[in-house]
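So the protein sequences, as listed, match chains R and Y. Take the first sequence: its letter number 248 is residue 248 in the UniProt record's numbering, and every next letter is one higher. Take the second sequence: its letter number 241 is residue 241 in the UniProt record's numbering, and every next letter is one higher.
Hints are computed from structural coordinates only; laboratory data are not their basis. Computed from a prediction, not measured in an experiment: that's the story for all the values here. Mixed in with the good hints there might be a few duds.
[Unchecked claim] Calculated lysine-lysine pairs in the BS3-like style (CA-CA distance at most 25 Å, straight line):
1. R:84 x Y:69
2. Y:198 x R:256
3. R:227 x Y:227
4. Y:136 x R:198
[What the hints assert, rightly or not] Incomplete in silico selection of chain R near chain Y, CB under 10 Å:
5. 66
6. 103
7. 133
8. 144
9. 175
10. 215
11. 229
12. 272
13. 282
14. 284
15. 286
[Said to hold, decoys possible] To list a few chain Y residues with every Cβ distance to chain R over 12 Å, as calculated:
16. 52
17. 100
18. 137
19. 215
Ideal Cβ positions, reconstructed from N, Cα and C, are used throughout, including at glycine.
Number of protein chains: 2
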Amino acid sequence: MFVQRAMRQATKAQTILGASPSKYTAKVLSSSRLYSTPALAPLDASKLEINESKNHKALQENSQLVFGKTFTDNMLTIEWEAGKGWGTPQIKEYGKLQLDPSAVVFHYAFECFEGMKAYKDKDGKTRLFRPDMNMKRFNRSAQRIALPSFEDGELTKLISEFLKVDDRWIPKGRGYSLYLRPTMIGTQESLGVGASNKALIFVIASPVGPYFPSGFAAVNLLATSDKVRAWPGGTGDAKVGGNYAPCIRPQLDANKEGYQQNLWLFGSDHQVTEVGTMNCFVFWKNEKGGKYLIVIIFL
Amino acid sequence: MFVQRAMRQATKAQTILGASPSKYTAKVLSSSRLYSTPALAPLDASKLEINESKNHKALQENSQLVFGKTFTDNMLTIEWEAGKGWGTPQIKEYGKLQLDPSAVVFHYAFECFEGMKAYKDKDGKTRLFRPDMNMKRFNRSAQRIALPSFEDGELTKLISEFLKVDDRWIPKGRGYSLYLRPTMIGTQESLGVGASNKALIFVIASPVGPYFPSGFAAVNLLATSDKVRAWPGGTGDAKVGGNYAPCIRPQLDANKEGYQQNLWLFGSDHQVTEVGTMNCFVFWKNEKGGKYLIVIIFL
Numbered sequence: 001m002f003v004q005r006a007m008r009q010a011t012k013a014q015t016i017l018g019a020s021p022s023k024y025t026a027k028v029l030s031s032s033r034l035y036s037t038p039a040l041a042p043l044d045a046s047k048l049e050i051n052e053s054k055n056h057k058a059l060q061e062n063s064q065l066v067f068g069k070t071f072t073d074n075m076l077t078i079e080w081e082a083g084k085g086w087g088t089p090q091i092k093e094y095g096k097l098q099l100d101p102s103a104v105v106f107h108y109a110f111e112c113f114e115g116m117k118a119y120k121d122k123d124g125k126t127r128l129f130r131p132d133m134n135m136k137r138f139n140r141s142a143q144r145i146a147l148p149s150f151e152d153g154e155l156t157k158l159i160s161e162f163l164k165v166d167d168r169w170i171p172k173g174r175g176y177s178l179y180l181r182p183t184m185i186g187t188q189e190s191l192g193v194g195a196s197n198k199a200l201i202f203v204i205a206s207p208v209g210p211y212f213p214s215g216f217a218a219v220n221l222l223a224t225s226d227k228v229r230a231w232p233g234g235t236g237d238a239k240v241g242g243n244y245a246p247c248i249r250p251q252l253d254a255n256k257e258g259y260q261q262n263l264w265l266f267g268s269d270h271q272v273t274e275v276g277t278m279n280c281f282v283f284w285k286n287e288k289g290g291k292y293l294i295v296i297i298f299l
Numbered sequence: 001m002f003v004q005r006a007m008r009q010a011t012k013a014q015t016i017l018g019a020s021p022s023k024y025t026a027k028v029l030s031s032s033r034l035y036s037t038p039a040l041a042p043l044d045a046s047k048l049e050i051n052e053s054k055n056h057k058a059l060q061e062n063s064q065l066v067f068g069k070t071f072t073d074n075m076l077t078i079e080w081e082a083g084k085g086w087g088t089p090q091i092k093e094y095g096k097l098q099l100d101p102s103a104v105v106f107h108y109a110f111e112c113f114e115g116m117k118a119y120k121d122k123d124g125k126t127r128l129f130r131p132d133m134n135m136k137r138f139n140r141s142a143q144r145i146a147l148p149s150f151e152d153g154e155l156t157k158l159i160s161e162f163l164k165v166d167d168r169w170i171p172k173g174r175g176y177s178l179y180l181r182p183t184m185i186g187t188q189e190s191l192g193v194g195a196s197n198k199a200l201i202f203v204i205a206s207p208v209g210p211y212f213p214s215g216f217a218a219v220n221l222l223a224t225s226d227k228v229r230a231w232p233g234g235t236g237d238a239k240v241g242g243n244y245a246p247c248i249r250p251q252l253d254a255n256k257e258g259y260q261q262n263l264w265l266f267g268s269d270h271q272v273t274e275v276g277t278m279n280c281f282v283f284w285k286n287e288k289g290g291k292y293l294i295v296i297i298f299l
């Protein structure tokens, strides 16, 4: 079985309810805001404030790059508050987030993210691969866990500005790129379980090399059915934090038995839902000698 | 249907693999540490350092208490690092956590928690309700998401010391208590998906009143089958953050239709797995006129 690196996605497409205005009041949850988003301040790239770092860190050689370990000089942040909407987007020095220990991201996993890459083409221009699709999924993920929606074209513009500021960090050379990690977290400072009344988008960036430096090679997969990564009615179609941590223990167990990754199965008929960090291509010779290349795309 | 507040738990019991030493090396994941924990520094309550806050915040009247919104003067923290083990437990002023934006808790939901209460009895003594059971579940939750194990009796001792320091915050009066929130998060500063090489336990405390101030009353539940909270092979048996955020949108939808909470179902035969914030008691009259009180305990 040959495998290739790709964004982890989903197993079952689900309809996400659109945000439409409503006048109901929720006694248990104080978050009618989901249904009144249109009145709030939209995410607006033209409000961007740039206070870039004066501290220019040393770049690493391409050969030294490790996935997601080194970050650029700056980061992009945008705060959101219930009843107000999106605040001023800021590009500022990369640095620690200061959050109350009661912030709901630490307790209830109000968090979703995207993974996307910026490349330098042969003319030295910066290119993104279909960022509009990433932004759409980012919004869909946020909605699934009751985090605020945003104007996705505006976030793409802000990321483009961020790339101009940290331009020197985009590696040159085939297979090298600047990995971007747009992330949204719920920052409400209260343990009540409901929609977060505050949120933060942050975008950080890390120069990276090819995911598999040795090239296109086969890996061994352990077919895993006792732990389940995605299930109907779950969150396999959203890129939320909660999809990840529960998969680490099974992955360590697979490693222990000599496999690199898990082939995630669901149900008594062992439906394939996902492969560790990649999409999955199956070359199938059927009973009658027919040969098929089956591409499993996780949506 | 009558309902009563209780800790959310699980739907299917799962066997958690014990940590046993092994010599395998994992190329994909750099975390052989799960299998060599015994050699590392254990969590040791006798190392506790107390630097309590000099800033004594004003207490609130019992009638003003809101669940999980006000916190005591101090907090308990203990750091963990792969290859070293548990560090020095500290009781210090309640304050913000400073974390790198790449910390894995923000991306992959490396987070689990407990909810427990400290009460004052009629003699003014502080009492905890079976803290050993909470600590056991806390450890089980941590293991499910490859966070480090800890000596659970030691954490109970540390929580007792914390309660002495913030003693004045434990409310008096029937139904009032100090809610404790032990939390463990993964703090590795790198986006690689694997077991976190750093972790933090923090315990914060919030004075609270009765969960349902109006007393023992019926609530309306929306039977929910299109979104699923717990499933075989999932994390319903562990108190991990990822169980929570995906339930908010369905809860808001239930509220919109006039229901207070969701009755979570699983599968085509609609097995009951969980009710919003509570355990579930069913009074059942069967076809032959028999009457049964069924107590659904989530394990």
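Hint check:
1. R:84 x Y:69: holds, 21 Å
2. Y:198 x R:256: holds, 21 Å
3. R:227 x Y:227: holds, 19 Å
4. Y:136 x R:198: This hinted pair is violated, its Cα atoms lying about 33 Å apart.
5. 66: This hint holds: residue 66 of chain R lies near chain Y, its Cβ roughly 8 Å from the closest one there, short of 10 Å.
6. 103: holds, 8 Å
7. 133: Not OK, violated: residue 133 of chain R not within 10 Å of chain Y, min 20 Å.
8. 144: holds, 6 Å
9. 175: With Cβ-Cβ at 18 Å, over 10 Å, it is violated.
10. 215: violated, 16 Å
11. 229: For residue 229 of chain R, the interface hint holds, since the closest Cβ of chain Y sits about 9 Å away, which is under 10 Å.
12. 272: For residue 272 of chain R, the interface hint is violated, since the closest Cβ of chain Y sits about 14 Å away, which is over 10 Å.
13. 282: violated, 21 Å
14. 284: Since chain Y brings no Cβ nearer than about 26 Å to residue 284 of chain R, farther than 10 Å, the hint is violated.
15. 286: violated, 29 Å
16. 52: Label holds. Min Cβ-Cβ 16 Å, cutoff 12 Å.
17. 100: violated, 6 Å
18. 137: holds, 15 Å
19. 215: Non-interface label on residue 215 of chain Y holds, nearest chain R Cβ at 16 Å vs cutoff 12 Å.
In summary, the structure is inconsistent with hints 4, 7, 9, 10, 12, 13, 14, 15 and 17 from the numbered list given earlier, while agreeing with the others.
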